[in-house]
Each structure stands twice: as C-alpha cells, then as structure tokens.
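S.K.: Sequence:
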Amino acid sequence: MSIPTSPFEIRQRCRAGQFDAPTPGLAPGFVQANLVVLPYDLAFEFLVFCQRNPKPCPVLDITEVGDPQPKLIAPGADIRTDLPRYRIFRHGEFVEETTDIRPFWRSDLVGFLIGCSFSFENALLDAGLPVRHIEEGKNVPMYETNIDCIPTKRFSAPLVVSMRPLLPNQVVRAVEVTHRYHRTHGSPVHIGSPDAIGIRAIENVDYGDAVTFCEGEVPVFWACGVTTQTAIIRAKPEFAITHAPGHMFVSDLRDEDLTL
0 MSIPTSPFEI RQRCRAGQFD APTPGLAPGF VQANLVVLPY DLAFEFLVFC
50 QRNPKPCPVL DITEVGDPQP KLIAPGADIR TDLPRYRIFR HGEFVEETTD
100 IRPFWRSDLV GFLIGCSFSF ENALLDAGLP VRHIEEGKNV PMYETNIDCI
150 PTKRFSAPLV VSMRPLLPNQ VVRAVEVTHR YHRTHGSPVH IGSPDAIGIR
200 AIENVDYGDA VTFCEGEVPV FWACGVTTQT AIIRAKPEFA ITHAPGHMFV
250 SDLRDEDLTL
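Under numbering that gives the first Met the number 0, the first residue of the sequence shown is numbered 0, with each subsequent residue one higher.
Hints were generated in silico from the structure; no laboratory data involved.
Beta carbons are placed, not taken as given, at the ideal position from N, Cα and C, and that holds for glycine.
Errors might be hidden in some of the hints.
Just the calculated beta-carbon pair ranges, DEER-fashion [said to hold, decoys possible]:
hint	residue 1	residue 2	range
1	Ile190	Glu237	18 to 24 Å
2	Ser192	Glu8	37 to 43 Å
3	Phe103	Ile149	39 to 45 Å
4	Asp107	Gly191	43 to 49 Å
5	Ala195	Gly127	44 to 50 Å
For lysine-lysine, the following DSSO-like pairs were computed, each having C-alpha atoms within a straight-line distance of at most 27 Å [unchecked claim]:
hint	residue 1	residue 2
6	Lys235	Lys152
7	Lys137	Lys54
8	Lys54	Lys235
9	Lys152	Lys137
10	Lys137	Lys70
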C-alpha cells in the first residue's frame, strides 16, 4: 500500500488501522503535532506548564472536555484514532502502546496538540540542508538533557531535544530557517558538545533512532515535544495518553501559518 501524502489521507488511514509508522517527511508543508491527553482536573496546570516552557511545549490547540475533535487545527478529525500510534500511562508508568484510544476514552479527558519540529523540516530541505533521519527512512533521534524546564506544583521535566547532524557551515542557515517557526520549537537550543547538555553518547538515543554522522558534521539540537511525556512520568497522574514518539498528528494547518 502506498504511503499517504495529504493530512486528510494520513488521518483516514490511521483511523482505518492502515498506517502506524513514524511521520517524518509526510505531508510536506503541513504542521504536525504532539498529543497529550489528561483528565480535566490536571488540564489547567498542564497548560501553565506549557506556557512557562513554550520552546518545548508550544500549544496549537486544546480540545473541549470529552470532545476528541481538534477544532482549530483539523476540524472533523478525531484524536482518538487519527494518529499512527499512542502510549497509555497509568500513575506515570508506560503500560502499553496502541493504534486506537477509543477504548480508553473518558468524558473528563482534554487533548493538547503541541507543535512539532517535523513541521520545519520541509523548510530545511527547501534550503538545501540535509535532514538525515528522512534520508535514512528513520524516526528522528531524541535525547533527555540536563536542562530543567520551569516547573509547576505537579509538572516538571528535563528538556528533551531532537537532533539533526549538519556541517558547521550549514548551522547558521539552519538557525535562520527554523527561528521563524516559533510555534513548532523554532531555532536550536544547543549546537555541538552533547556532553554539555548531559548527552554522554550520541549514538544512544532515548527515543527514536540513531542516525549516521558524515565527516565533519556536528549535532544540532532543537527542543522537542516529547518533553511533555517526561513531565507525565514525573507527575504520575492516574491516567494519561500521549502520541508514541515520532508518530505525530498531521493537522490541516500549513507550516507557513505559524511563521513569524
């Protein structure tokens, strides 16, 4: 079966159980989003956590209580079925992965759609810059760092970053391209020296897949929405749902809709 190319087709294929792969490189030009689903009694505090940490947690849409439709970024879509894969957490513990969260849905749940760096990768490619995980057909490499987010009473997390290798003479251009996409993580948070942000071995990813480094390349790190999953693990809510890392919600928003 062919790979879906439009946001609507991707969501429909997910809904039909026909697509459960990572989404880097899909639907070029359209915004992809992380998903966090929490009970209503935690929703306001989680929103505060996101507002205090807009680099890793830029909120694009919030669903009404009990309503799975993201009305601002994809009217008619259903966050219970329209992502390739989900993770279920109970009391902060990851318990299972699934392709359909309708059996877990409750009337008190609120969905948060949070910007994703996959949304600026098409702009990097258009600028002639490499995106190695797309070249290699992999998920993006992601790492937990020693950089702490600004906490709330119940939510705290180390910053999680995604990484793309670039030559030193490509880094400035990558910063110029991505800083415009402030609602999908914007410019890099760190360049080179992984050890300086607590990453001991670049080949040992915490999420996603390791990628090849070509001669002379340096790692360039962007804030990542998987930060929210580490916040859930620390907060230990009785129940939560997220996307599986790299398996994003593909919205109807255009990348350029979110640029500065």
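S.K.: Next, verify each hint and record whether it holds.
M.R.: Now for the hints, and whether the structure bears them out:
1. At roughly 40 Å, the beta-carbon separation of Ile190 and Glu237 lies outside the given 18 to 24 Å, and the hint is violated.
2. Restraint check, Ser192 to Glu8: a C-beta distance of roughly 41 Å satisfies the suggested window 37 to 43 Å.
3. Here the CB-CB span from Phe103 to Ile149 is close to 30 Å, at odds with the stated 39 to 45 Å.
4. Asp107 and Gly191 have their C-beta atoms about 45 Å apart, which keeps the hinted 43 to 49 Å range intact.
5. Look at Ala195 against Gly127: about 28 Å separates their beta carbons, and that is not inside 44 to 50 Å.
6. Restraint check for Lys235 and Lys152: satisfied, since their Cα atoms lie roughly 12 Å apart, inside the 27 Å limit.
7. Our distance criterion of 27 Å between C-alpha atoms is met by Lys137 and Lys54, whose separation comes to about 24 Å.
8. Simply put, Lys54 and Lys235 have alpha-carbon atoms about 23 Å apart, close enough for the 27 Å limit, and the pair holds.
9. Pair hint Lys152 plus Lys137 does not hold up; C-alpha atoms about 37 Å apart against a cutoff of 27 Å.
10. Distance hint between Lys137 and Lys70 is unfulfilled; the C-alpha atoms sit about 30 Å from each other, more than 27 Å.
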